[in-house]
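Engineer: Residues per chain, in single letters:
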Amino acid sequence: MIRFDQVTFNYHDSLNPIVSNVNLEIPEGELALVVGHTGTGKSTLLNLVNGMAPHFTGGNLAGVVTVADRSTANYPPREMADLVGVVRQDPASGFVTDIVEDELAYTMESLAVPPNVMRRRVEETLDLLGLASLRSRPLRTLSGGERQRVAIGSVMTAHPSVLVLDEPTSALDPQAAEEVLAAIQRFVHDLGLTVLMSEHRLERVVQYADSVVTITNDGEVWRDSNPAHAMISAPVAPPVVELGRWAGWDPLPLSIRDARRDAVTLREDLTRRLVSEQTPAKPAKRPTPESVATISRVSVNRSNRVVLRSVDCEVSAGEVVALMGRNGSGKSTFLQLLAGSASPSAGKISVRGHDPTQLAGTELVTTVGLVPQEPALMLWADSVVEECASADQTSDLPQGTTLALFHRLRDDVDPQMHPRDLSEGTRLALVVALVAAASPDLLLLDEPTRGLDYSAKVTLTELLRELAVAGQAVIVATHDVELVAAACTRVLMIGDADIVLDAEASAAATASPVFAPQVAKVLTPLPFLTLAAVREAAESDPALPRNGGE
Amino acid sequence: MIDAFTTPRLIHPGAWWLWALGLAVAAARTTNPLLLLMIAVAAGVVVAERRVPGPWGNSYLAFAKFGLLIIAIRVLLEIFLGAANFGPTLFALPEVPLPEWMAGVQLGGPVTLAGLLQAIFEGLRIAVLLLCIGAANSLVNPSRLLRIVPAALYEVGVAVVVCMSTAPILVSDASRIREARRLRGRPTSGLRSWSQMAMPLFSGALERSVALAASMDSRGYGRTAGIPRRARQSTVGLLLLGLVGMLIGLYGLLDGSTPGVAGVSVIGWPMLLLGVALATTGSLLAGKRVSRTRYRPDIWAFPEWMVVTCGVIPATGFILLGNDPAMSGPTYPLSWPEVPLALVPLLLIATLPAILSPPVPQQNEFEESDQTDTSAAVAA
Numbered sequence: 001m002i003r004f005d006q007v008t009f010n011y012h013d014s015l016n017p018i019v020s021n022v023n024l025e026i027p028e029g030e031l032a033l034v035v036g037h038t039g040t041g042k043s044t045l046l047n048l049v050n051g052m053a054p055h056f057t058g059g060n061l062a063g064v065v066t067v068a069d070r071s072t073a074n075y076p077p078r079e080m081a082d083l084v085g086v087v088r089q090d091p092a093s094g095f096v097t098d099i100v101e102d103e104l105a106y107t108m109e110s111l112a113v114p115p116n117v118m119r120r121r122v123e124e125t126l127d128l129l130g131l132a133s134l135r136s137r138p139l140r141t142l143s144g145g146e147r148q149r150v151a152i153g154s155v156m157t158a159h160p161s162v163l164v165l166d167e168p169t170s171a172l173d174p175q176a177a178e179e180v181l182a183a184i185q186r187f188v189h190d191l192g193l194t195v196l197m198s199e200h201r202l203e204r205v206v207q208y209a210d211s212v213v214t215i216t217n218d219g220e221v222w223r224d225s226n227p228a229h230a231m232i233s234a235p236v237a238p239p240v241v242e243l244g245r246w247a248g249w250d251p252l253p254l255s256i257r258d259a260r261r262d263a264v265t266l267r268e269d270l271t272r273r274l275v276s277e278q279t280p281a282k283p284a285k286r287p288t289p290e291s292v293a294t295i296s297r298v299s300v301n302r303s304n305r306v307v308l309r310s311v312d313c314e315v316s317a318g319e320v321v322a323l324m325g326r327n328g329s330g331k332s333t334f335l336q337l338l339a340g341s342a343s344p345s346a347g348k349i350s351v352r353g354h355d356p357t358q359l360a361g362t363e364l365v366t367t368v369g370l371v372p373q374e375p376a377l378m379l380w381a382d383s384v385v386e387e388c389a390s391a392d393q394t395s396d397l398p399q400g401t402t403l404a405l406f407h408r409l410r411d412d413v414d415p416q417m418h419p420r421d422l423s424e425g426t427r428l429a430l431v432v433a434l435v436a437a438a439s440p441d442l443l444l445l446d447e448p449t450r451g452l453d454y455s456a457k458v459t460l461t462e463l464l465r466e467l468a469v470a471g472q473a474v475i476v477a478t479h480d481v482e483l484v485a486a487a488c489t490r491v492l493m494i495g496d497a498d499i500v501l502d503a504e505a506s507a508a509a510t511a512s513p514v515f516a517p518q519v520a521k522v523l524t525p526l527p528f529l530t531l532a533a534v535r536e537a538a539e540s541d542p543a544l545p546r547n548g549g550e
Numbered sequence: 001m002i003d004a005f006t007t008p009r010l011i012h013p014g015a016w017w018l019w020a021l022g023l024a025v026a027a028a029r030t031t032n033p034l035l036l037l038m039i040a041v042a043a044g045v046v047v048a049e050r051r052v053p054g055p056w057g058n059s060y061l062a063f064a065k066f067g068l069l070i071i072a073i074r075v076l077l078e079i080f081l082g083a084a085n086f087g088p089t090l091f092a093l094p095e096v097p098l099p100e101w102m103a104g105v106q107l108g109g110p111v112t113l114a115g116l117l118q119a120i121f122e123g124l125r126i127a128v129l130l131l132c133i134g135a136a137n138s139l140v141n142p143s144r145l146l147r148i149v150p151a152a153l154y155e156v157g158v159a160v161v162v163c164m165s166t167a168p169i170l171v172s173d174a175s176r177i178r179e180a181r182r183l184r185g186r187p188t189s190g191l192r193s194w195s196q197m198a199m200p201l202f203s204g205a206l207e208r209s210v211a212l213a214a215s216m217d218s219r220g221y222g223r224t225a226g227i228p229r230r231a232r233q234s235t236v237g238l239l240l241l242g243l244v245g246m247l248i249g250l251y252g253l254l255d256g257s258t259p260g261v262a263g264v265s266v267i268g269w270p271m272l273l274l275g276v277a278l279a280t281t282g283s284l285l286a287g288k289r290v291s292r293t294r295y296r297p298d299i300w301a302f303p304e305w306m307v308v309t310c311g312v313i314p315a316t317g318f319i320l321l322g323n324d325p326a327m328s329g330p331t332y333p334l335s336w337p338e339v340p341l342a343l344v345p346l347l348l349i350a351t352l353p354a355i356l357s358p359p360v361p362q363q364n365e366f367e368e369s370d371q372t373d374t375s376a377a378v379a380a
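First to last, the sequence lines map onto chains A and B. My numbering numbers the first residue of the first sequence as 1 and each following residue consecutively. My numbering numbers the first residue of the second sequence as 1 and each following residue consecutively.
Keep in mind that a hint or two might mislead.
Taking CB as the label site, the calculated pair distances span [claimed, not checked]: (1) A:465 / B:168: 35 to 43 Å; (2) B:233 / A:496: 52 to 60 Å; (3) B:167 / A:304: 20 to 28 Å; (4) B:171 / A:301: 17 to 25 Å; (5) B:69 / A:347: 55 to 63 Å.
Everything labelled a hint here was simulated from the structure, so no lab data went into it. Here a beta-carbon is modelled for each residue, glycine too, at the ideal position from N, C-alpha and C.
Take these sequences, add in the hints, and give me the full structure.
Structural biologist: The following block contains the structure:
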């Protein structure tokens, strides 16, 4: 269905090709998953399929890309629209109309589909994606998962043969991601649709893939029709695969179910060890009781909707708190209150004894720092160096402190680059450096793992733990249970405007499957949350596999 | 037959706009404050009964406030620059002598009651004209207007819609960027910080429009589907000429001072009809070579005809009575304005759409999701 023949592509301003000499064939009805580090050209590969690259983005294409025998060299993207449906990373940025129903019809209108056919297809698509109750809703009132489903529906009404999805679930909470993936599954199974999809959150999608397209850091691309085989050497892998690689299971498990079956002996061995030593695998670290932030009886009402209802909370130095809850449950509002970006309708907030709304300048940046959901908003200088220098100046730090911190997070970036040219993950690292360099007593991060691959997450985790050890308090709003397991000491969950859960991270993660990371799900009821913890336990016991299967 | 008026549905956007334009034409032909206020009330009654839910429904009030501002500006201009020299003087401002080449302009000087009244009446006329446009916006969501734009001009229409949807996003972006500056410990006021805030604002807007353009391109926007270039160009040309013709015609109708025979403007109707003819030809030509279709096109049925008629009747009446002295508000000598009795039933007819059109379907109440969590515009 999709064929890449000797394809090399580079943008005009660089001589290094993004992808080189790609030969790829994706047969009809296959769900192919594109796997690779950030910045290796996954989006470029997806853009090549319908001719966005080079027709829209510019650049040089050598070789031939064909979809159903239509070559992108001769057909610009608009002439491919009946064949290839594309949904980009942020679905909202691609909406043309303002009502769900009209958005579903837009592509068909462009393709001159007869009106009676159009009406029938809109009804079908509304049902297929479970959007029937939303048909006359304005698009701006939809939640993230609903938007993603509308975006998928809006290209599916044209009955394309190929669907290209760029990070369809990265920004979604687990429930919304499930809905979107179920819809994609239905299209693949019922309609024989060919899907090419990239995704950072491999743990969500890898078990559904029929094949894996791997992109290495050198721009080499190949397809493996056996995902379990491909994951053995893939540059990025979800925790369950990492566990399987370490334990040497063959074939590699891709889902929790497979891994649990493989893990029977490992669980027995670990249990024996726990019983013999009588100590928990993870030393329980008590946070120092020095309070950093206090929230007392805080309520927030917005346009006759209660966002937070009389919330009490206390955060101490040395804690890394995970703030969880559905999209739209008020996590961002919670962080904004602590940063003084929003004021409560009632109640009192104090950070180190200050009212955060009254802080400004140096005093603010050394007391509380917030990394917002859209890090780009924080950047305005012309280069990374200038941004860092300006942060040093505001917080009275010696020249170069911020830049050094940034280099610790990312050492492969030219500091003369324009912040807008950085990849999403790198831009986030820059903003984290800008904010964390001032060592604020309270560091707040809003959805920091969106757009980060696994290795970038590891770096972030290390940084957060160091900050906590240094006596800072950290609050992370996130859906990412893997990050919570690796970095956090405590979990707060907001539901229906109240804090519904406040517990130690390890307890929360083993108590409920909603919060359990993959390793915990595989090894439950044992109290292991991460591969690192399993490895540590194994290293002190010769009976357990030490170095994977190799 | 009765069903057509009682079953809730949104009527054709064109019908409301023609009705509103009818009222606007009527308003443009008079400075009689009582008549103008009656037109405003007529429009207001219909808006109260048939406005669409959502923010656009409040356009009438927004335009009313804007209208008051215009009256105020008009009056201030009269006080400082006015040169009406008849009637009793209310008070006098010191007059600033101006160089000779600016003869005809007077800065300061005496302010007369007649001049002030004249200014108020003229300001009121502009305000009521605007109010008619505001009424149309309250009755029709502007994005629905896009559906009745002829296929050949569709691309222009899309550009307008994209602009309209971008404006509110820019406003919310601006406040978030301001907040981001505060969080980095930078001042949020002053010229320098504003210039630094403009940078992320505009590059964000640019990135957003590029993303939208990419999405539209990959969804078949601007597909030629084998239509020859020359044919497309001639269609667009005809449509544009037609629109210009209609605009000139409307101007002729609105401005009573254009040359006319028996009170009816000679450039008004002929230009309007010529424009309509050109535009129709263009649309028909475009329709022959279908390159796009319309989802659920708005229907034009009996209620639409009723609504348009209710707008055309007062407009015609006001035009025919154009030279009646009662049509202008009395400024000197001072007297209570007379109302030409023949026009009152016409204005009653203008309010009929409040009952003679199908009611607006009620939407389910929906909850707005949290702005901060869902505005997930990530620059990729």
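Engineer: Take a look at whether the Cβ-Cβ distance between residue 171 (chain B) and residue 301 (chain A) falls inside 17 to 25 Å.
Structural biologist: holds (22 Å)
Engineer: Quick check on a hinted range of 52 to 60 Å for residue 233 (chain B) and residue 496 (chain A), using CB atoms only.
Structural biologist: holds (59 Å)
Engineer: Assuming the hint says 55 to 63 Å, is it satisfied by the Cβ distance from residue 69 (chain B) to residue 347 (chain A) or not?
Structural biologist: violated (40 Å)
Engineer: Determine whether the Cβ-Cβ distance between residue 465 (chain A) and residue 168 (chain B) falls within the hinted range of 35 to 43 Å.
Structural biologist: holds (41 Å)
Engineer: Is 20 to 28 Å a correct range for the gap between the Cβ atoms of residue 167 (chain B) and residue 304 (chain A)?
Structural biologist: Hint holds: Cβ distance 25 Å, inside 20 to 28 Å.
When each numbered hint is compared with the structure, a violation occurs for hint 5 only.
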